[in-house]
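Here is how the chains run, residue by residue.
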Amino acid sequence: MKINRRTALATLAMAFTKPAFAATIEAVLYKNPQCSCCEVYAAYLGENGFTVDVKSVNDLSQISADAGVPPELQGCHTMMVGGYAVDGLVPVDIVKKLLAEKPAIAGITLPGMPAGAPGMGGAKTGSWVISAFTMDGQPPTVFATI
Amino acid sequence: MPFSLNTTLSRRRFVLGSAALPVAGMALPGTAPAAELNMRAAQASLPLLGSAGPDTAVLAYSGALEKQILRLKQGAPTRIIVENGLNKDTTVHWHGIRLANAMDGVPGLTQPPIKPGESFIYDFTPPDAGTFWFHPHANSLEQIASGLAAAMIVEEREPVPVDRDLLWLLQDWRLSEVGEIAGGFGSAMDAMMSGRVGKVVTINGAKPEGLAVRAGGRIRLRLANACVARMMALRFEGHTPMVVALDGQPCEPHEPDNGRILLAPAMRADIILDMTGEPGKGYAVTDDFYDGLDYTLTNITYESGTPLRDHPPDGSLRLPPNPLPEPDIANALRQEIVLQGGMMGGGKLKGLGGMPGMNMSGMGGGPSWAINGMSMTGDGTADMAPAFTLKRGQTCHLTLRNQTAWWHPMHIHGFSMKVLTRNGAPVPHNQWQDTVLLAPADVVECAFVADNPGNWMLHCHVIDHSMAGLMTVFRVT
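Those protein sequence lines, which keep their order, are chains U and G.
Each residue of the first sequence is one higher than the last, beginning at 1 in the numbering used here.
Each residue of the second sequence is one higher than the last, beginning at 1001 in the numbering used here.
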């Protein structure tokens, strides 16, 4: 388990490390206590200028639903950052784009756990759609495609 | 009588049909049951948030039970007439009781569902004394998570000498912001991860407000986990609990591993607690199953008066044995159940039409889990081919293999299994279980004598998991 975690972290470090920002961005990441991918994702954010408070919770689906994430687009964890919900393994550049642009939405989500995403092993294949959602019941829109 | 003539007639046919089969302990046709009880499943309210808070609207059984406990007698023919006062179909599964298949409460497999306003007559004779529970097997997730569950004590023919015999029915509740039972049943995330774990934990339908005890006493405490998903690991600070029965079946009295009683959904443990604490002091009962989410379940508080006695009683802790058939391992038929899928499952369900743990487009749709590559979902289906078939009287040597990253309490209907090995190491203390807990990657070998004919369910008792594919059926001819 430990070796796997280290290997994953090392892989991530190679794939995603960028110069750390001087000021850190505060985030709270809610995760299932028995899921380990999110911890790797949190470490990746930590490498990229975020200070992540990881909180294990037993009602993640409720937290995600309360944050407005559409049920069919739920990610594997929910992060609160800068007044937004960021669900799933969204790459750091996209999170920073959200925080810089400050759109009038409740949050963004990358559902599923696509191979190659930060926190997962493997190589990225195909394109990923990061969806934006609001709290007013409007259908989700495309926030970014990478 | 609150049930229709049709129901009565069809039940009589059931009884006659199944009574022809020589099942140990079953009522003979024409034998008047010693006890006839009435029970109703309906809306109720419980003080989940404590006596000071408002009561919460829940679903519960009422009638022949007292404080969510139904008391039956070992070997006594029993008739329980269950009325459905809900607005959806229900059934009752008498969890852990070895009874005739037609009384097992699985809709579509062993009986038609009990429709709203209708009743069903359950006739059985509990062969084993011990701690059991019952719950619906139709619309299970919503109904059990809304509280529809109760404990069942089958009393020994001769009472076991203890000062107090207590039962804790452990339930947890996921509530909305306004304190009602939260919706969102069967969310794909819960299904793929650890299920609908609630945040509010209650004992016997109420917020725990402490257990007052007298020093020197001996308590038999029956623990029953009636949660849909919450695993528990209980510690009794300052005390040395001795486990004397698991899932209703007596075992060699022993201290639990690492001092914690691991109790997954549907599991029961009978413990003997000698009140060795100091008068006037309090001791916490804690649950530290989930990393970083440990909490105090309740406190044991000692009265300051004179101890009941100077030292614990000398009597044996051993419970009288139940009439379980001993497996014939040498001539057993070997079967294997492999659990697959779930989040972080490595795409094991790929190609099965199921939801892999990777490369999926979202969490919605399709089964999340499988047993031996097959996903039986919802409340199950009557026409699903059995995973394996056993000849009556044959011993089945069953290997349970967890290939997932999650914990699963695997429940076998109709039988108690002798647990032989866990990850290659012999399991001590003569443990028999109807609900065998598998940690991620665990391999557990069990055995049982297939002495009870019928189509029986075998499923995970994290209800979100069973409804999303961790469910199968086997047949005894």
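Just so you know, not all the hints are guaranteed correct.
Unchecked claim - Which residues of chain G face chain U? A few of them, derived with a C-beta cut under 8 Å, are:
id, residue
1, V1178
2, S1187
3, A1188
4, Y1295
5, R1422
Treat the hints as calculated values from the structure; they're not laboratory data.
Backbone N, C-alpha and C define an ideal beta-carbon position, used for all residues, glycine too.
Evaluation of the provided hints:
{"no.": "1", "hint": "V1178", "result": "violated (13 Å)"}
{"no.": "2", "hint": "S1187", "result": "holds (4 Å)"}
{"no.": "3", "hint": "A1188", "result": "holds (7 Å)"}
{"no.": "4", "hint": "Y1295", "result": "violated (11 Å)"}
{"no.": "5", "hint": "R1422", "result": "violated (18 Å)"}
Violated hints, listed in ascending order, are 1, 4 and 5; each of the other numbered hints is respected by the structure.
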